[in-house]
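**Student:** Given the coordinates of chain H, assemble chain P onto it according to the supplied hints.
Read off the chains here:
Number of protein chains: 2
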Amino acid sequence: MAVLVQKYGGTSVANAEKIRRACQRVINAAKAGYQVVVVASARGHQTDELIADAKELNPDPPTREMDQLLSTGEIQTVSLFAIALSAMGYDAISFTGSQIRMITDGVHSKARIKSIDTQRIQKELDSGRIVLVAGFQGMSENEDVTTLGRGGSDTSAVAIAAALKAKECEIYTDVDGVYTTDPRIFKQAVKMDQISYDEILELASLGAGVMHSRSIEFGKKYDVKIHVRSSLNENPGTIITHEVPQMEGIMVSGATIQKDMAKIDIINVDNKPGNAAKIFSHLAKAKVVVYDIIQTEVSTEKANVSFTVGMADLPSAKKAVETIKDEVYYDKLFIRDDIAELSVVGVGMRTHYGVADRLFGALALAKINIDSITTSEIRISCIIDKKQAEKALETVCLAFELDKPTDQRKKAK
Amino acid sequence: MAVLVQKYGGTSVANAEKIRRACQRVINAAKAGYQVVVVASARGHQTDELIADAKELNPDPPTREMDQLLSTGEIQTVSLFAIALSAMGYDAISFTGSQIRMITDGVHSKARIKSIDTQRIQKELDSGRIVLVAGFQGMSENEDVTTLGRGGSDTSAVAIAAALKAKECEIYTDVDGVYTTDPRIFKQAVKMDQISYDEILELASLGAGVMHSRSIEFGKKYDVKIHVRSSLNENPGTIITHEVPQMEGIMVSGATIQKDMAKIDIINVDNKPGNAAKIFSHLAKAKVVVYDIIQTEVSTEKANVSFTVGMADLPSAKKAVETIKDEVYYDKLFIRDDIAELSVVGVGMRTHYGVADRLFGALALAKINIDSITTSEIRISCIIDKKQAEKALETVCLAFELDKPTDQRKKAK
Numbered sequence: 170m171a172v173l174v175q176k177y178g179g180t181s182v183a184n185a186e187k188i189r190r191a192c193q194r195v196i197n198a199a200k201a202g203y204q205v206v207v208v209a210s211a212r213g214h215q216t217d218e219l220i221a222d223a224k225e226l227n228p229d230p231p232t233r234e235m236d237q238l239l240s241t242g243e244i245q246t247v248s249l250f251a252i253a254l255s256a257m258g259y260d261a262i263s264f265t266g267s268q269i270r271m272i273t274d275g276v277h278s279k280a281r282i283k284s285i286d287t288q289r290i291q292k293e294l295d296s297g298r299i300v301l302v303a304g305f306q307g308m309s310e311n312e313d314v315t316t317l318g319r320g321g322s323d324t325s326a327v328a329i330a331a332a333l334k335a336k337e338c339e340i341y342t343d344v345d346g347v348y349t350t351d352p353r354i355f356k357q358a359v360k361m362d363q364i365s366y367d368e369i370l371e372l373a374s375l376g377a378g379v380m381h382s383r384s385i386e387f388g389k390k391y392d393v394k395i396h397v398r399s400s401l402n403e404n405p406g407t408i409i410t411h412e413v414p415q416m417e418g419i420m421v422s423g424a425t426i427q428k429d430m431a432k433i434d435i436i437n438v439d440n441k442p443g444n445a446a447k448i449f450s451h452l453a454k455a456k457v458v459v460y461d462i463i464q465t466e467v468s469t470e471k472a473n474v475s476f477t478v479g480m481a482d483l484p485s486a487k488k489a490v491e492t493i494k495d496e497v498y499y500d501k502l503f504i505r506d507d508i509a510e511l512s513v514v515g516v517g518m519r520t521h522y523g524v525a526d527r528l529f530g531a532l533a534l535a536k537i538n539i540d541s542i543t544t545s546e547i548r549i550s551c552i553i554d555k556k557q558a559e560k561a562l563e564t565v566c567l568a569f570e571l572d573k574p575t576d577q578r579k580k581a582k
Numbered sequence: 170m171a172v173l174v175q176k177y178g179g180t181s182v183a184n185a186e187k188i189r190r191a192c193q194r195v196i197n198a199a200k201a202g203y204q205v206v207v208v209a210s211a212r213g214h215q216t217d218e219l220i221a222d223a224k225e226l227n228p229d230p231p232t233r234e235m236d237q238l239l240s241t242g243e244i245q246t247v248s249l250f251a252i253a254l255s256a257m258g259y260d261a262i263s264f265t266g267s268q269i270r271m272i273t274d275g276v277h278s279k280a281r282i283k284s285i286d287t288q289r290i291q292k293e294l295d296s297g298r299i300v301l302v303a304g305f306q307g308m309s310e311n312e313d314v315t316t317l318g319r320g321g322s323d324t325s326a327v328a329i330a331a332a333l334k335a336k337e338c339e340i341y342t343d344v345d346g347v348y349t350t351d352p353r354i355f356k357q358a359v360k361m362d363q364i365s366y367d368e369i370l371e372l373a374s375l376g377a378g379v380m381h382s383r384s385i386e387f388g389k390k391y392d393v394k395i396h397v398r399s400s401l402n403e404n405p406g407t408i409i410t411h412e413v414p415q416m417e418g419i420m421v422s423g424a425t426i427q428k429d430m431a432k433i434d435i436i437n438v439d440n441k442p443g444n445a446a447k448i449f450s451h452l453a454k455a456k457v458v459v460y461d462i463i464q465t466e467v468s469t470e471k472a473n474v475s476f477t478v479g480m481a482d483l484p485s486a487k488k489a490v491e492t493i494k495d496e497v498y499y500d501k502l503f504i505r506d507d508i509a510e511l512s513v514v515g516v517g518m519r520t521h522y523g524v525a526d527r528l529f530g531a532l533a534l535a536k537i538n539i540d541s542i543t544t545s546e547i548r549i550s551c552i553i554d555k556k557q558a559e560k561a562l563e564t565v566c567l568a569f570e571l572d573k574p575t576d577q578r579k580k581a582k
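Here the protein sequences come in this chain order: H and P.
Add 169 to the 1-based position in the first sequence for our numbering, that's all there is to it.
Add 169 to the 1-based position in the second sequence for our numbering, that's all there is to it.
Hints may be right or wrong, so weigh each one.
Note that the list lumps identical chains together, so a pair holds whenever it fits in one copy or between two copies.
[Claimed, not checked] Once the Cα atoms are required to be at most 20 Å apart in a straight line, the calculated DMTMM-like pairs of lysine to aspartate or glutamate come out as:
| id | residue 1 | residue 2 |
| --- | --- | --- |
| 1 | LYS555 | ASP434 |
| 2 | LYS224 | GLU186 |
| 3 | LYS187 | GLU225 |
| 4 | LYS224 | ASP260 |
These are calculated hints, taken from the structure and not from any lab test.
Since the model is a prediction, treat every value here as computed from it, not as a measurement.
Here chain H stands alone, though its shape is the one from the complex (with noise of 0.2 Å):
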């Protein structure tokens, strides 16, 4: 029999009438013949209550014992699962992140799932029974709780996938799947049918925030094929999957903008070998997250060094490059808050030409001005003018034709 998974997050189990209707989903996968797998988060605001209960008592917290904590409220929502499966006549039984033995490394509060022992598990399948799992935690060689970092139930689902070798992994939101780009901004945007996990990627780590990258990035490397969906509906969503041959017709995938960031210039850096270094680990140290890099030489000894931070990470930012002023020797910092980064991201690049001069021919029609462009295999990206955002995501969407499903779109060349 074909293993599904179904993870529920914390919108879709809330409250009993929320939990029950999940149930009678996990039902109907069950009927339809499969062995069912269900990870699920903590209900509602629960992390956010328990993380407040912590932070009233300690406003920083041993991560060992907050581990031991949130581990919980996933514990009791697959526990209140398993009582609800009951009531309707089927058959379940919950697990913790213990007692399917997920071990992880010991890294509270951000672990990496290093194993899965599967047996339980598939004895209870195998037995009849639907097995639901507390997501987002594992445990360490030492037995002690360890969760996965935010969003971490997105990984447990896959990784127990992955183990079980499931058919599919679900993952059940309040939206129907990934859309071409922010329906908020652009309204025409659409549902994508597929995407691959190279692009989900990119567009995740650009701020689409559609699901946690570690679970993606899982998904990539044990080949899970992943359905993000609603719960609120039985409309098929996005299936997330390795790239396949019509994914290569399509140009851009998806377009995303993203705003609460700032862009430092670092005007002629004396262009030494270990200068880029010690600048960036000069912004390690202060904790600073870096998005983009971009190094332009602008004589034989000088060059300038941009970066992409945060907005909330700029003033450490500008202090760290500050502090190494007589190091590096700068003559100036040149910042920007008023921008936005624009990426367009598709696998379609790799083979098709005229990606970024039809992109930057929309937007110089459009009137709207570039300051810097990034590039990576499957992705372009421009800094512009944050007051020009909407605008220029609106254009590049229309030149991309991401208002329309994929069949509908004119053949790339």
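**Tutor:** Chain P only, in chain H's frame:
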């Protein structure tokens, strides 16, 4: 270094302020040179709330899943405790019942402890940490979470104290200790300095409700000195221990009154071997808990069988007995739901005559009629009219000087 186990009940850890106050007490014990192990219950009404959440989904939830669900309350308390201790500068580590391998039988919702692995606890204590253990829970050989029933945290604490050979197990509660009788009824009741396991077992089963009976049995079996005391002050409470010589000088240690009960007299039962067994096996099948049983021969062929039950069990008890009328041949039932049971308890009864004499004399003087009498080695109980319950308790307390500390009482003969 001597180990001290401290157990805090739900009201003693209901909010951040109370947790901090309990932590201060833990720290004081650590400063006094003890290795401290804390066992805690779920905060405030958490367990009741989780039960309500479950019942909303299923009026008859499976016990394995209830155990998984309810165990989270205690885990939250101990991790918060560790978080608070850390803020106060003390290194602490919390454990679930599973993490310290508190192995129980597999009887969900009322499991019995079989063994505890003290290695991990002792290792942490020896490294200078304060150890916190979630009460009320263990795990079966199968690694399922099991709970010990209401009041089970007392049992967890005493069992851990036994396993670690602790100097003492302190049970913190919202009363000052164990009283000679219920101070709400007899205002002059005094706190006992000490009481034997046997006496408190009789008092607990008679409804004094100070501590979980199973925890006392555990303490008796493994010789754990239990100290019941208030979490609101520093006063010494009541020590529960083995019988010591000075206890023998006291005829009666405590008195109780139990009102929520009823009595069924089965009149003129055929006095044949096996008839009593039939009656009580039928009652057991009907899940009726029978308190006291009295059988008296009324002729060579006939006997009266009487028993008391909790008021809530009366309808099913009546039905069960009526069902077997044709099997055991009796004339009629006589049911009283207007009774109360007055009991006096004391290990001194073993060596002193005259307890019954003084008890019945005092009741006669106060014109209190006795319906029936049952006794154990250290207890005498009388069924009386419920209307006279308070007056009877007061009469008896004065007769046995339960309003005075033991050293101020007249010496027993």
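**Student:** Now look at each hint and say whether the structure bears it out.
**Tutor:** Evaluated hints:
no.: 1; hint: LYS555 - ASP434; verdict: within (17 Å within a copy, 88 Å between copies)
no.: 2; hint: LYS224 - GLU186; verdict: between (31 Å within a copy, 13 Å between copies)
no.: 3; hint: LYS187 - GLU225; verdict: between (30 Å within a copy, 12 Å between copies)
no.: 4; hint: LYS224 - ASP260; verdict: between (39 Å within a copy, 17 Å between copies)
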